[in-house]
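A.B. asks: Starting from the known structure of chain X, fit chain U onto it as the hints suggest.
Heads up: the sequence lines are chains X and U, in that order. FYI, in the working numbering the residues of the first sequence are -18 to 524. FYI, in the working numbering the residues of the second sequence are 80 to 401.
Treat each hint with caution, since some may be false.
Short derived list, chain X residues pointing at chain U, Cβ under 10 Å [to be verified]: (1) F116; (2) N117; (3) V139; (4) S193; (5) T198; (6) S215; (7) G234; (8) E235; (9) N400; (10) R427.
Residues on chain X that point at chain U, a partial pick, calculated with CB under 10 Å [stated by the list, open to error]: (11) T43; (12) Q195; (13) A439.
Have a look at the derived ranges for each label pair, beta carbon to beta carbon [unchecked claim]: (14) K257/X to T207/U: 39 to 49 Å; (15) W191/X to E132/U: 45 to 55 Å; (16) N138/U to P368/X: 29 to 39 Å; (17) W191/X to Q154/U: 35 to 45 Å.
Calculated from the structure, these hints are not laboratory results. Small disclaimer: the values here were computed from a predicted structure and weren't measured. A virtual CB, placed ideally from N, CA and C, is assigned to each residue, including glycine.
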Amino acid sequence: MKSMLRQSPTIFELRVASILFACAIGANASVAMADDGKPVTGGTVIAALNSTTIPTLNTQLTSSVPALFAADVWADGLMTYDKEGNRLPRLATRWEASADGKTYTFTLRDGVKWSDGKPFTAEDVVFTLMTFGKFNTYLTKLVPLVEEASAPNATTFVLKLKQPLTATLDLFDKEVFPLMPKHIYDGQDVATHPANLAPVGLGPFKFQSWASGQSITFVRNEHYWEKPKPYLDSVVFALIPNPQQRMNALIGGEVNWFRPEVAQVRATQEASKRGKFKVVQIVNNAPETAVVDLNLTREPLKNVKVRQALFHAIDRERIVQDVYQGLAATAKNAIPTQFKDLHDTSVNYDTLYAYDPVKAGKLLDEAGYPLKDGKRFTIELTVIAKPPYDAVAQIVQSHWSKVGIDVKLSALDQQIWTNKVYTQRDFDASVISLTGRTNPVLGVDRSFVCNEGSVPFANPTGYCNPEFDKVALDASAAPVGQQKPFYKKYAEIIARDLNQLALADSKVFEAVSTDLKGLDAQFNFSFNTHPNWAEAWLPSDKQ
Amino acid sequence: MLRFILQRAFYALPLILVIIVVMFTLLHLIPGDPVQALVGDYPVPPAYRQAIEEKYRLNDPFLTQVWNYVTAVLQGDFGYSYQNQRPVLGLILERAPRTILLASVGFAFAIPLGMAIGVITGTTRSATTDKIWTTSALIAYAIPTFWLGQLLVMFFALRLGWFPTQGIGPLVSRAHGFDWVLERGRYLALPALAFAIHEGMRFARIMRASVIDTLSQGYIITARSKGLTRGQIIRRHVLRNSSLPLVTVAGYAFGSALSGAVLLETVFTWPGLGLLMVDSIRLRDNLTVVGVVIFSALAVILMNLLVDILYALLDPRIRTGG
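Chain X on its own, in the form it takes in the complex:
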């Protein structure tokens, strides 16, 4: 088997070399900043986060949205992605895989220091993997496969696996694998360590203070490796749980950045016409898909014809237009279109399960559920009582009602919903919007791979198909360039079995003050990473 990186080390090295060359001649930011002038230092950006309580900032331990946004400011990792989906070096300057796909060697940037001034070495990378691996929801897939993680010298990290895992490099991007300082955590209780709330990291800014319920302040990290960045003196996160208030705060000039909710994007775009801020689409290299999970252990959803009928009965374009205000696309198959190299267009829900209430009715008749007094059967549709889930569920309810299904809508508190769907499995159908990552193994698989336990946010449908599980495993182990046929089969099986109805892939937008400069460079990232504010700067008269 050829590994993904064995195929193109030369190209990669050329790209790194070109970046280094560009840095050397001082032209690295010239393209993006041509219209903005020369960056000056100073000033503060105030960014709104969507909670007043953030239990931990350590994203080795959480995937909560506010913590993820903060992490890009204070933490860093081995690599990241630009908006084209290309891997970019961060603290690893290069990486390569052995021919058998079992050994990965990372060369680390030399002379880098943690925000407290202590040196960063390969020992920190080994420590992060071996200590946080068991606590990190993504790394739990990798850790059992690790034969050895070692640091032969300060700038080399070597990972030996018992068997190849094609998604390995995806597990080392800076969001999934933020690096943690060994000298802070070693020998201590890392799950509840105070540093999880006052972190020491490698990002452009370092933690300064936390005003309970109000804000978290990060100031310039004087030890940051990517000189002369960052340009700003500080990044302040305003903790604003109410989405309307986040938007108001941006319009009122009290904050400089926020990520609008789906239903707010149009209104934010309208308000941006005054010129104080602009709305930027973040390229969605990792998907966020609204879905309906169906409980296959219950009648009548056991019957595949019923599930097919339910899919035909939903006008997904209506969801795209009404809930997402046109800022989404109907989901095409189980492998989202964002995975350009893995998505096979021959499996297309738009044609396979086109909106057709008449056909849905016929399928239900064939399944043994004819109309009686205008009704076929009753099911409960459960959902978290907040946008956009509730609006999606209301449309699904209305469409299913049209074909004679009596739908009881249960809009619940998130914790109660989680307990009902994943722990108790006491549901018929459930609406949720799931976030993927940069590889199906890290996000998409969880909807379909057999989950016989009661693990939340993993396949609650009771769908356990050994044939599918093998295809998913083979797909994950296949070398880059050879995965697509496996993922085609993957999509075909799910299109046939339909334990989950994929509705819409949403787009992501962020709104940012036009006072800030260097935004093109700053926002050159893909969804699932976030602005780290290292590139942005404020002109002197705006500070």
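C.D. replies: Chain U in isolation, oriented as in the chain X frame:
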């Protein structure tokens, strides 16, 4: 008076204990997983679940948890908030002053506003004036505070730009001294105004009914026959006697306001007890929820006590036991 206060405090103790047990039981019955709330919308790794559950003893039997908590509370320890990573008492003591400030300023405007409208509508001889004021007060009272808050933000903050849209103060500020107070005042203005309008209209309706009742009393006829002017009668007799029901209602209202005006604090991102309560329920931070509820109960009990004392001061018949 001291005996009276001690007696009240003695009665309050079993009430607090009952509140603790009831709250613990209710929170125990509500489905939820605090460890999942820590991790977000991805599966919790078993090792992480075990570490958190052991650290915070989340798997202790229910009765053990209740017993440990009650004995700790009696020693002044309100437990540890695992979602805020700090002791609950410190969290409440930090958030409570913010809620007290909002409630106090709101009441400082609501009471005179309510009294003024109540006296005007209760004493006017013009049916039209009465109707206009009464209807306006009713409409203002009927508007939900979160909507009223949004309207105030839209007009005064977004359109006129006079006030900030949310928060308790600027996140980046160089102001000192009086400038600092003024700056903070701008953040307080809109939530306090929303609070004052809502509560003030409630007080106005009570005051109006009380004024009308007072005006029908015999001593008012006596005062009139003595030749006192209308203004003198209102100032000397009506205001004082009509205020008693208002003191009762305002006392209770203030007591419950101290537990946090949940909607108002959410609308204005005012990080007081109300917002803390909402977050703690969402994240199943049960010890914080119970802590805030105990604080609220104490606030209500304390305010009732103050109402009784104020009653005695306002009405000599109560003071002398007549």
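A.B. asks: Is the interface hint satisfied for N117/X? The criterion is a beta-carbon contact with chain U at less than 10 Å.
C.D. replies: Constraint on N117/X satisfied, holds at 7 Å.
A.B. asks: Going by Cβ atoms only, is G234/X closer than 10 Å to chain U?
C.D. replies: With a closest approach of 9 Å, the G234/X hint holds.
A.B. asks: So, Q195/X near chain U? Judge it on the closest CB pair being under 10 Å.
C.D. replies: Holds. Min distance 6 Å.
A.B. asks: Using Cβ atoms only, decide whether S193/X comes closer than 10 Å to chain U, and label the hint accordingly.
C.D. replies: 6 Å, holds
A.B. asks: For K257/X and T207/U, compare the CB-CB distance with the range 39 to 49 Å and indicate the outcome.
C.D. replies: 46 Å, holds
A.B. asks: Let's test the interface hint: is any C-beta of chain U closer than 10 Å to that of E235/X?
C.D. replies: 6 Å, holds
A.B. asks: Does F116/X hold up as a contact with chain U if the rule is Cβ-Cβ below 10 Å?
C.D. replies: Holds, because the Cβ-Cβ distance from F116/X to chain U comes to roughly 4 Å (cut-off 10 Å).
A.B. asks: The hint says 29 to 39 Å between N138/U and P368/X; measuring C-beta to C-beta, is that right?
C.D. replies: Distance hint for N138/U, P368/X holds at roughly 35 Å.
A.B. asks: With a cut-off of 10 Å on the beta carbons, see whether A439/X makes it to chain U.
C.D. replies: Given a least distance of 5 Å, the restraint on A439/X holds.
A.B. asks: T43/X was flagged as interface toward chain U. Is the shortest Cβ-Cβ separation under 10 Å?
C.D. replies: At about 5 Å, which falls below the 10 Å cut-off, the nearest Cβ of chain U leaves the hint on T43/X intact, so it holds.
A.B. asks: Is the interface hint for N400/X satisfied, with its Cβ closer than 10 Å to some Cβ of chain U?
C.D. replies: Since the shortest Cβ distance to chain U is 3 Å, the answer is holds.
A.B. asks: Quick check on the hint: V139/X CB to chain U CB, less than 10 Å?
C.D. replies: Not OK, violated: V139/X not within 10 Å of chain U, min 24 Å.
The earlier numbered hints that this structure contradicts are 3, 15, 17.
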